[in-house]
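Colleague: Protein chains in written order, with the numbering used here: chain S, 1 to 339; chain A, 1 to 339; chain F, 1 to 339; chain D, 1 to 339.
Treat each hint with caution, since some may be false.
Heads up, the list lumps identical chains together, so a pair's fine if it works in one copy or across two of them.
[Said to hold, decoys possible] The list that follows gives simulated cross-link-like pairs (lysine to aspartate or glutamate, DMTMM-like), each with its CA atoms no further than 25 Å apart:
#1 Lys135 to Asp269
#2 Lys271 to Glu318
#3 Lys135 to Asp37
#4 Lys329 to Glu58
#5 Lys206 to Glu294
#6 Lys206 to Asp37
#7 Lys243 to Asp292
#8 Lys271 to Asp320
#9 Lys243 to Asp268
#10 Lys243 to Asp16
#11 Lys206 to Asp276
#12 Lys135 to Asp16
#13 Lys135 to Glu109
#14 Lys206 to Asp185
#15 Lys243 to Glu203
#16 Lys206 to Asp128
#17 Lys243 to Glu160
#18 Lys243 to Asp170
#19 Lys329 to Asp128
#20 Lys135 to Asp250
I should point out that these hints are in silico values taken from the structure, not numbers from a laboratory.
Note that the structure is predicted; figures quoted are calculated from it, not measured.
There are 4 protein chains.
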Amino acid sequence: MTVRVGVIGAGMIGQDHIRRLTEVVTGAAVTAVTDLDQTRAAEVAARVGAMALPTGAELTNSPDVDAVLVTSWGPTHAEHVLNALAAGKPVFCEKPLATTAEDCMRILEAERAHGRRLVQVGFMRRFDAGYRQMKQVIASGALGAPLMVHCAHRNPDVPESYTSAMAAQDTAVHEIDVLRWLLDDEIVSAQVITPRATSHRFEHLKDPQIMLFETASGVRIDLEVFVNCQYGYDIQCETVGEKGLTRLPDPATVAIRTARRHTTAVMDDWKARFTDAFDTEFREWVAAIGTDGEPTGPSAWDGYAATVITDAAVRSLESDGAVVTVDMKPRPTLYGGTA
Amino acid sequence: MTVRVGVIGAGMIGQDHIRRLTEVVTGAAVTAVTDLDQTRAAEVAARVGAMALPTGAELTNSPDVDAVLVTSWGPTHAEHVLNALAAGKPVFCEKPLATTAEDCMRILEAERAHGRRLVQVGFMRRFDAGYRQMKQVIASGALGAPLMVHCAHRNPDVPESYTSAMAAQDTAVHEIDVLRWLLDDEIVSAQVITPRATSHRFEHLKDPQIMLFETASGVRIDLEVFVNCQYGYDIQCETVGEKGLTRLPDPATVAIRTARRHTTAVMDDWKARFTDAFDTEFREWVAAIGTDGEPTGPSAWDGYAATVITDAAVRSLESDGAVVTVDMKPRPTLYGGTA
Amino acid sequence: MTVRVGVIGAGMIGQDHIRRLTEVVTGAAVTAVTDLDQTRAAEVAARVGAMALPTGAELTNSPDVDAVLVTSWGPTHAEHVLNALAAGKPVFCEKPLATTAEDCMRILEAERAHGRRLVQVGFMRRFDAGYRQMKQVIASGALGAPLMVHCAHRNPDVPESYTSAMAAQDTAVHEIDVLRWLLDDEIVSAQVITPRATSHRFEHLKDPQIMLFETASGVRIDLEVFVNCQYGYDIQCETVGEKGLTRLPDPATVAIRTARRHTTAVMDDWKARFTDAFDTEFREWVAAIGTDGEPTGPSAWDGYAATVITDAAVRSLESDGAVVTVDMKPRPTLYGGTA
Amino acid sequence: MTVRVGVIGAGMIGQDHIRRLTEVVTGAAVTAVTDLDQTRAAEVAARVGAMALPTGAELTNSPDVDAVLVTSWGPTHAEHVLNALAAGKPVFCEKPLATTAEDCMRILEAERAHGRRLVQVGFMRRFDAGYRQMKQVIASGALGAPLMVHCAHRNPDVPESYTSAMAAQDTAVHEIDVLRWLLDDEIVSAQVITPRATSHRFEHLKDPQIMLFETASGVRIDLEVFVNCQYGYDIQCETVGEKGLTRLPDPATVAIRTARRHTTAVMDDWKARFTDAFDTEFREWVAAIGTDGEPTGPSAWDGYAATVITDAAVRSLESDGAVVTVDMKPRPTLYGGTA
């Protein structure tokens, strides 16, 4: 059975996911597209034989839409997800689930009222082969209990609109999600310290930042976020346990020896780095939705947790590096908790 | 438009490609299956909602089949490919195209009579990301003219049915094809020398073998074929040019440090190593077939060349390591030649 | 001219340096040995044709001793160094220079009174080929200004006598020295945070520890100290600048592929890891002493700085991870400062 | 006891070894120097407080010379070594031992007449840490019996005086020696094939060359010799056994990430690559000579074997790649044989 997907938001990421659902992933079809820019919606829809609809609500409620994909502007996510929950339809929401903890809570409540999961949040790292291997190694017990994680998240550069708070909200949020999952543990505090800033940045921006997290079981995470590192897109992660460590591989690329140098390539951006992860993310989502309608990837709870943890990191940044406790509600049973 | 594929041969590799065409690659559907074992054909067909047909000929001529995939026993390939050519339908044939040079020639003649390409041969390495990067590096001129290629093709072990000649026919054939493509050059001679044999093999088998090839432009290739190497499935390739070299990467896997050792995994088998290459091979084949019907991957000529080159290698093996000239006809214009 | 060295302290490290001065480094001879255990002193001295003397003072003042090597118990270092300064003889003192900042200051004053350098402190990492390459890369400007350094210092295990404060005093002190030199910058604050402790340690010990340092120019350093990591002796260092990074290499060791694993060895201990650095350290010391008597390696000021920085780290550890400002006096002109 | 060494030949390599014996290695002193260019001999001798003597014979027979180091022009080696044997003095002879098999045989006979070893030949690779680790791995049995060795020996470029035969005589000779030792096996045939030549070479030179060797036990060795590879000095060696392989490490150098590239350095020349091996070679030679006068490194037999094997390789090159059997006499008992 083909899952008929309606897409809300036809910008760059929306178009990329439409291509993915159409050309890469089997079992899905994009049947409807909407966008604030209706001309764009029409163009994008026409390319894949979908209809263009004027609003997210109409799209969500269309009988030709089995599941909703939200790739619109962040502040609109909550509304679209709530609409999908009201319609009882599965919804894949690009991160963030919502821009405030309150809106995340409203979604959690609506989903709990529905009684089973409908929401998946677009944290693609859980679908990356390297992180999955790391999780297997950790879960196998080969390293003993995890004690520390060292990470780096580096981009060559960012546009002027990027703010200091986005280092947590847009960038570190990926590590926040993947480490919660990797460690099967919860982050309970955050601290952000600011090294000397690079001269290769806009004046308003604190870059790089070093983020320190502590988990419920006492694991300490340090994360370098450096969004104007110039040299490339580079993701590093090393988990140290009681008996050993495991390290995320760099992507496999050919080695070249010329002119007294052995070189391998560093990637340009996240799209190249996580192409396979995105493909797997949607392949598994479509398979789960198509089978019993309940997604198996990052949940609304994971979206909520990411939001409250990034909130804590931003508060630390704004309070000169103070340690900020994460203000997280108890986890409901729907999401594996006891509340 | 969905390409409706009929599959001849429902063994392990046939089933894997049926899964690939059904679950992994978009734009295709398997509509018919045949196999000598009709029960098996029926079971496999039922799984994907295809019809089971009694013979390859019926399958090829079915109006519900747009393109044919041949994954049957090697000696039957030529007949099925010729049938497809007679029906004017695109045909993807797993290697070998045919088991004799004569049969390959009959296919070439039939395809030339048809006037455009219909045949693609299943050499998947051309679709591997690492080889493609190597080809880009070589084609860029960064290394100067290629002079030598050092390769290794290692399997942990093989079944008793594996013969010394299969080292060329079944194993080295992958390097033979990919190196012709990588270098954009033709192999003109072959020589096989036999080191001391490993004790981990069946008595009848010469293993390992070292194969030496020379190309038309004078590039020398050495290839270690070691099919009972015990330690894993390991593919190495290094091209040395006038100014530098490029080397195929090992697959990216997490590193682990425990017990005084830094370790990464070596793969078990070719299926894991070339999963992505197989997916890309079929994705591109379906896209090409679905667009204008003419495939862009390895041609019948490439299948013929691989057969005559492996023939030369086998003759060298059987004549105590003599240098054997490849007996290759001039390349027809349909395949980029001048004949 | 042969430099005649008198050695105070004939324990394990003293004996190793005696061997080094006798068998590895040219231009030196060990002419006198003393130790609290006079029998041991006599045995060790006899092995290399040196005299055994009853006290450090007699050894220092012997006319057959041109330079003094202090490898005795840490709390006695200051006295021996001050004696050598009083005698106007070059002295190589294993770390620590002294166990208190006050004793370090007395040494600095005595050396300044002498008017030129006589003291070298045994921080061997500055002589390691990898760190020297890193320093060249940083100094070349290829990375832009340094912004962050990520380090790890891991031992397989430590004896029961090892205390939580020794993580800074005995272990991190090597990074503290080498990073001050690598960055040509001063450390101004220290903070120690304690992850969940490994179960593979004595009850009294906080292990691992994460140490955070800030330098005068704002570089942020994070250092994992993990002295019961089980898996091996492992030193990591990565300096991130505005345009790129440089990373300390792992020692070169043969790769082995067996049983589905690609493995390289992780070292057992610091002696194997830094053998070449120790050899170079003494080779350069002997060459400098033999030429004009003034050492070129880590100075008494570096010894003082290491002591006050480790003091700050220990205070942070004892005050639950507070950020502690390093209480460092202005640097005198003799040591490149302005005081 | 200091070993007093007389040096015959004060050219570049002679001066480098004089520096090594004087500044790097303990237990030796250079007491006499001779050279065809007597002015040069006098200058070099003066630098280290040695006497300059007019001829090799006088130097060898001087009562102030305990051992002789031959670093003169290759064709003079045999005479100097025979003189040392006549004088009953240990002699270290840079490769080649002699330029003809006949001269090597005369040396072997003279040494056998003496009754114990006096000669060591300057094959420094046996003292390289990486090769020594490989030998340990092979000897441990972890790989099973060795079956194949893949090697490359690459130089950035060579002077115009370098001839095609020197690819074997001067370049491959290092692999020939180190592989005989690594495998504890004898080379029985040689074959040289010539790929398309690089355009970066003098017209008279066949470069690169691929050399194939077979050992008595059937191990097959392939060796790429490429002396104008442009990109750097690069030594590769991989030994494949029945259960696994071991690979020589590249030298440890810092990694740098800048401008979308991860890079490590490739070396410039053999001096940098094998500095430590040379130091160890002379350290062990002096230690052995100083202890009981009998060297433990490569013997006159090894020098003879290298000569007859390179002769076979050159004959193969001159006969268009024919397989040439090595014409080696039975090994005398003095060298571990039975003749």
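Colleague: Of the numbered hints stated earlier in the document, which are not met by this structure?
Modeller: 2, 3, 4, 5, 6, 7, 8, 10, 11, 12, 13, 16, 19
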